[in-house]
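Participant: Line order of the protein sequences matches chains P and E.
Just so you know, the numbering used here puts 59 at position 59 of the first sequence, and the rest follows in order with no gaps.
Just so you know, the numbering used here puts 126 at position 10 of the second sequence, and the rest follows in order with no gaps.
No lab work stands behind these hints: they were computed from the structure.
Watch out, some of these pointers could steer you wrong.
Unchecked claim - Computed list of lysine-lysine pairs in DSS-like fashion (alpha-carbon distance at most 30 angstroms, straight line):
| id | chain 1 | residue 1 | chain 2 | residue 2 |
| --- | --- | --- | --- | --- |
| 1 | E | K119 | E | K168 |
| 2 | P | K36 | E | K119 |
| 3 | E | K185 | P | K40 |
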Amino acid sequence: ETGVTQTPRHLVMGMTNKKSLKCEQHLGHNAMYWYKQSAKKPLELMFVYSLEERVENNSVPSRFSPECPNSSHLFLHLHTLQPEDSALYLCASSQDSKGSSGNTIYFGEGSWLTVV
Amino acid sequence: DAKTTQPTSMDCAEGRAANLPCNHSTISGNEYVYWYRQIHSQGPQYIIHGLKNNETNEMASLIITEDRKSSTLILPHATLRDTAVYYCIVRVGRDDKIIFGKGTRLHILP
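One chain only, chain E, in its complex shape (with noise of 0.2 angstroms):
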């Protein structure tokens, strides 16, 4: 079973930034979180990973809590392209297993 709990949809207006939240209340000490996004028919995409301290990319911020219990993925400026399901993923153990949850499908709306 996945880790991680994500709410199953979001709505996010076009050229605002799209706030993605995420639980990992059972995160042990060693483990990263990983964020991933699925555009319909392709592959998953890797956005962002991060351990401890907040994380910035090209791509978007991973804010993840002092307790690391939950971290919320910030798209800043969303665009239609980002229209996808996004996983939460936190890795499993020393043989690197990356199990995938159901994601949050984000919509963003023209």
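The following block holds chain P by itself, in its conformation from the complex (with noise of 0.2 angstroms):
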């Protein structure tokens, strides 16, 4: 148990569906986080939010929609997704987004998503 919860943790759908994972932290972090790891490659960062704003997309797709209601709550809305966006998708948190102050990114058990 990290204090990071995720879900469903499987969800099957259609690329014409529209579908939402949710992440909840019960760490008392200010910053947020979604990673996409595909089948046999690195964990890539797709979305930081740190007090509620977006600091960083890394070129994700507009089908892909992130939204952070409020510092313990994250959401990641999918619509028209393509089979290759089968993969699993994690969720973490830590204090704040500063990388030099050492502080840990904690991970959820992550969402594992098929588009069929």
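Mind assembling these two chains? They're in different frames, but the hints should get you there.
Facilitator: Below is the structure:
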């Protein structure tokens, strides 16, 4: 138990569906992240939020739309995805988003997404 | 690109110490070295981090060379549950990016 909870753990969706992934952190952190892990590839950073403001968007296609309503919750809204978007989507949080402070990033268990 | 180099895979006998090396020759003075591991189908798990001094916690020890260009993660008494991919990461820049490389796949042998 890392204090970062993701739901659902598994999701199967069609290419025309709209779905959302949810992340909640119980650690009192101010920064939250979305990562993508495709089969046999390293984790890729998608989005970074600090105090509910998006501070990083790593050239992610617009069919992925993040939302951070408060510092404890993060969503990833999915729309018209492609089969190649099938992957493990990981949420993470840290105290803040400043790298040199040495604060640790904690990950959730991930949401397995299959696009059919 | 990840700023670290790790062996692709390693084997270690159960009960022995597992020593996982990492090279980070371009590390700058204020960058921390972090270690995570990922057991199959789970999210990455934080293990330990350090800046200059060696560190120890209930999971592992981290030995950082004096020039900080390399480090070693030590699991003192490896068990079968330690089989995982281990990632050595250097924090990049002020915006807290954590960039994962391919890591080392550690197999603990019974």
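Participant: Which of the stated hints cannot be reconciled with the structure, identified by number in ascending sequence?
Facilitator: When the structure is compared with the hints, none of them turns out to be violated.
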